[in-house]
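Novice: Okay, here's what each chain looks like letter by letter:
2 protein chains.
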Amino acid sequence: MKSRAVVLSSLILSLTLILAGCTNNQTPPANQTPTAAQPAATTTAATDPLPSWNDGPAKQAVLDFVKTTTDKASPKFVAPEDRIATFDQDGTTWVEHPIYSQVLFAFDRVAEMAPQHPEWKTKMPFKAIVTGDKEAMAKFTTKDLEIIAMTTHTGMTAEAFGPMVKDWMAKAKHPKFDKPYPQMVYQPMLEVMKYLRDNGYRTYIVTGGGQDFVRTYALQVYGIPPEQIIGSALDTQYAYAKDGQGILMRDPKLLLNNNGVGKAEDIYLFIGKRPKAAFGNTDGDRQMLEYTQASGGTSLEMLVLHDDTTREFAYGPAQGLPDTKVGTFPQSLYDEAEAKGWTVISMKNDWKQIFSWEK
Amino acid sequence: MKSRAVVLSSLILSLTLILAGCTNNQTPPANQTPTAAQPAATTTAATDPLPSWNDGPAKQAVLDFVKTTTDKASPKFVAPEDRIATFDQDGTTWVEHPIYSQVLFAFDRVAEMAPQHPEWKTKMPFKAIVTGDKEAMAKFTTKDLEIIAMTTHTGMTAEAFGPMVKDWMAKAKHPKFDKPYPQMVYQPMLEVMKYLRDNGYRTYIVTGGGQDFVRTYALQVYGIPPEQIIGSALDTQYAYAKDGQGILMRDPKLLLNNNGVGKAEDIYLFIGKRPKAAFGNTDGDRQMLEYTQASGGTSLEMLVLHDDTTREFAYGPAQGLPDTKVGTFPQSLYDEAEAKGWTVISMKNDWKQIFSWEK
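These protein sequence lines are chains R and H, in that order. For the first sequence, this note's numbering assigns the number 1 to the initial residue and increments by one for each residue that follows. For the second sequence, this note's numbering assigns the number 1 to the initial residue and increments by one for each residue that follows.
Hint data in this document are derived by calculation from the structure and do not stem from the laboratory. Treat the numbers as computed from the prediction; the structure is a model and nothing was measured. Watch out, some of these pointers could steer you wrong.
Heads up, the list lumps identical chains together, so a pair's fine if it works in one copy or across two of them.
The list that follows gives simulated cross-link-like pairs (lysine to any residue, SDA-like), each with its CA atoms no further than 20 Å apart [stated by the list, open to error]: (1) 340 / 244; (2) 253 / 233; (3) 121 / 135; (4) 171 / 94; (5) 143 / 328; (6) 127 / 295; (7) 273 / 245; (8) 166 / 340; (9) 273 / 225; (10) 273 / 164; (11) 76 / 200; (12) 273 / 227; (13) 273 / 226.
Input sequences plus hints: build the corresponding full structure.
Specialist: Shown next as structure tokens:
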């Protein structure tokens, strides 16, 4: 876990991506065609646990996995206590473009905190955000971004942070879809989560984003309780409030950088065993999928490919899709998926419906 | 979490205690009298969820807590998702004297590994253990003990460690009771755990001992799955095996020192909310109980006092019991318990039966 010693958190790395993310051209790839919902052929609407999925290898992979691992007569039966499924969040279970929601939260927090910090009017890096100076923001150093992240995410009690996120979630809207972020979740993934849970699997979010950030809404959005959210985590410091009560203060120090190798390491730290199913969409999910597959027996590894510029976004650069620094799906990951039998989900072809509010 | 930066793990601290623990005089306190099992007056045997407990304030505190927090009509009703109970292990759910089981495991591991390390015959600190030189062991430095801990607990894959512990658990016997350690568990605490779970509580072990150590047997011994074991944790490093499979190597670096303030901090890290009930027996559990009580509403905080030299051990130094460096229950903790309304469990008076095999 060398990465844990690195000062820059994934949150900060996220912040560094803001400009790249904002200015990324969402050029549709040459081979992109309008989406046509396909009729479900292998299942009927009444019994289909995955109605937002088109029939095809991706949907079938989920159905086959559940059938195989929950059939006591199968040699690949998985005992109930070992039924663990892990999901990356950004780009896997909800929208991550043009930038991660948590980055927008941090910037909005600066604006919200500004009245209590009149000095920010003239003090960088805050001045750039407060005045909306995009040119200055483009010149943010790593140190600037670290200051923004730590200023907006620490210095309060553990309990005080959650309501800040909840408030923001209730009012902030996605720049493209003009909907609150809790509605930016992918309906097909909600169906997979429910289908897995209905078959005895425990579903976990395993995100490079902030654990405490995601915990504030995950039960409502995903039906996943706080203890099943594994994410990048800041240190806390035990202290006493004025009334003598034991409290935890959020500390400007990264404890867990839950990305890449950190995902495999933290899954072990939190769960103590390997998942049997893992879902991701970027290079940061590679080791989680490898670690899952190494559990032996039947396992399920899936990667979401954002190839639907009409209904969502299109980026890779795998398969000739536009390059991006936010949620990069490199060709090397695509090649590893092919070589290892992981399933790549084409949003364009495999998902009949992306959001619950689409009709 | 300043403690996390400290090089010495709680495991190492445990090791430093071995001599103190081994030489501790288990002098019974002046006020100690033989135990007499008392008849259950408030409950009948058929319905009593806590048959190994004598009637009294400790048993009543558990019964009242469960009744109050699971009664929907009560203003102190606790929603099912918030029903969390945390248990320290050593000295709270099983025997910790004369020394922690994990310390014996480490020393036995040295003996077991010795044939592959002929240099240990002449190389300290291993030489002292291999030759049983107690005088030399008495002079172990902190550095010696760190070497022993890291040598015996790291350098293997995460998966390889568990079977080592399981093998040891199956054959090692407690020096006083001559029983395997899984039989050193306190029957009254097993009943409390089951009673809480039967009423919708999720039970966690929150131990200063090694998380991976406890995870190997906790399901069998306590009915608690690996993901509900929070303990001191070593770092791991993601790597690739020769066959290309993703593996985790155990690294000689402490990631979480789950003791004292670390217990409150790690409960938040793993669960994301405060417990409603917490059980401990030492200074290292103080903050866990404080943090639990600060959850507001009805909560339950209990401390096991080892005052039964006849059936188990007697040590404090609270209440005039013999002092010890293994599982210290200081008078200051006893005073805090009295001031804050925490319940102190007298093993002598509150527990009708300590071990399941007692008849």
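Novice: Compare the structure with each hint and give your call.
Specialist: Do the hints match the structure? See the list:
no.: 1; hint: 340 / 244; in the structure: between (56 Å within a copy, 11 Å between copies)
no.: 2; hint: 253 / 233; in the structure: both (9 Å within a copy, 18 Å between copies)
no.: 3; hint: 121 / 135; in the structure: within (16 Å within a copy, 68 Å between copies)
no.: 4; hint: 171 / 94; in the structure: within (17 Å within a copy, 50 Å between copies)
no.: 5; hint: 143 / 328; in the structure: neither (23 Å within a copy, 45 Å between copies)
no.: 6; hint: 127 / 295; in the structure: neither (50 Å within a copy, 39 Å between copies)
no.: 7; hint: 273 / 245; in the structure: between (35 Å within a copy, 15 Å between copies)
no.: 8; hint: 166 / 340; in the structure: neither (40 Å within a copy, 33 Å between copies)
no.: 9; hint: 273 / 225; in the structure: both (19 Å within a copy, 10 Å between copies)
no.: 10; hint: 273 / 164; in the structure: between (33 Å within a copy, 16 Å between copies)
no.: 11; hint: 76 / 200; in the structure: within (15 Å within a copy, 32 Å between copies)
no.: 12; hint: 273 / 227; in the structure: both (15 Å within a copy, 8 Å between copies)
no.: 13; hint: 273 / 226; in the structure: both (19 Å within a copy, 8 Å between copies)
The structure shown violates the earlier hints numbered 5, 6, 8.
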